Amino acid sequence: GDSVTQMEGPVTLSEEAFLTINCTYTATGYPSLFWYVQYPGEGLQLLLKATKADDKGSNKGFEATYRKETTSFHLEKGSVQVSDSAVYFCALRPGGGNKLTFGTGTQLKVEL
Amino acid sequence: KAGVTQTPRYLIKTRGQQVTLSCSPISGHRSVSWYQQTPGQGLQFLFEYFSETQRNKGNFPGRFSGRQFSNSRSEMNVSTLELGDSALYLCASSVDTFSYEQYFGPGTRLTVT
Chain A
17 GDSVTQMEGP VTLSEEAFLT INCTYTATGY PSLFWYVQYP GEGLQLLLKA TKADDKGSNK
77 GFEATYRKET TSFHLEKGSV QVSDSAVYFC ALRPGGGNKL TFGTGTQLKV EL
Chain G
-6 KAGVTQTPRY LIKTRGQQVT LSCSPISGHR SVSWYQQTPG QGLQFLFEYF SETQRNKGNF
54 PGRFSGRQFS NSRSEMNVST LELGDSALYL CASSVDTFSY EQYFGPGTRL TVT
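The listed protein sequences correspond, in order, to chains A and G.
According to the working numbering, the residues represented by the first sequence are 17 to 128, in order.
According to the working numbering, the residues represented by the second sequence are -6 to 106, in order.
These are computed hints drawn from the structure, not numbers from a lab.
In this text, all values refer to a predicted model and were calculated from it rather than measured experimentally.
Among the clues, some could well be false.
As the list claims (entries may be wrong) - Below are the DSSO-like pairs computed for lysine-lysine, each with C-alpha atoms no more than 27 Å apart in a straight line:
#	chain 1	residue 1	chain 2	residue 2
1	A	K93	A	K76
2	A	K93	A	K72
3	A	K68	A	K93
4	A	K84	A	K115
5	G	K50	A	K68
6	G	K50	A	K115
Stated by the list, open to error - Listing some non-contacts, in silico: residues in chain G with all C-beta distances to chain A over 10 Å:
#	residue
7	S20
8	S24
9	Y93
The beta carbon of each residue, even a glycine, is placed where N, CA and C say it ideally should be.
One chain only, chain A, in its complex shape (with noise of 0.2 Å):
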């Protein structure tokens, strides 16, 4: 079935640093992919998407880019901020439906 692998947590970073959260997936298909935000007590919200192979989601300085070739769809920011602290889950959509399979979530603490 459907899975999806990313980077354990939690990763610790000094304001001003460049953030990858590695995520790579398994699906049969062409699925859409996803990366959601949770804030501490809140629901998850979206932060970006790719629909397609090649595609490149972007949104608040964050960027991830749908590699089919080596499954994959890794979270980047040049420089993060305290407030970019939350957990960050990946998640597959397959072709139809609304069913999302999620990632287990990478928590980020960014410190001044």
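Please arrange chain G on chain A, whose structure you already have, making use of the hints.
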């Protein structure tokens, strides 16, 4: 536009009881999906409803059920609660069953004692 609302936000129940959680989607959204979030299993898909019909179901026992009303509001029910049902239950709404954008509510925190 108001976001997805879930009620109640917090709930404490005893083993063996049943519980009903409610989700009101964003106005105009007709698809509602439910997820269970636990520290051990992470985020797991429960089911999706669109136009009052269940369109997709995850791997959960029959104790977990749901429904959707004509105004797109959805409820999920868990019968014969077990300790392992303690979790954050998240609802997500989208325009339809093919939309890429799903908007999540804040969740209902269920504690089973």
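Cross-check of the supplied hints:
no.: 1; hint: K93/A to K76/A; verdict: holds, 9 Å
no.: 2; hint: K93/A to K72/A; verdict: holds, 13 Å
no.: 3; hint: K68/A to K93/A; verdict: holds, 21 Å
no.: 4; hint: K84/A to K115/A; verdict: holds, 20 Å
no.: 5; hint: K50/G to K68/A; verdict: holds, 25 Å
no.: 6; hint: K50/G to K115/A; verdict: holds, 8 Å
no.: 7; hint: S20; verdict: holds, 18 Å
no.: 8; hint: S24; verdict: violated, 6 Å
no.: 9; hint: Y93; verdict: violated, 6 Å
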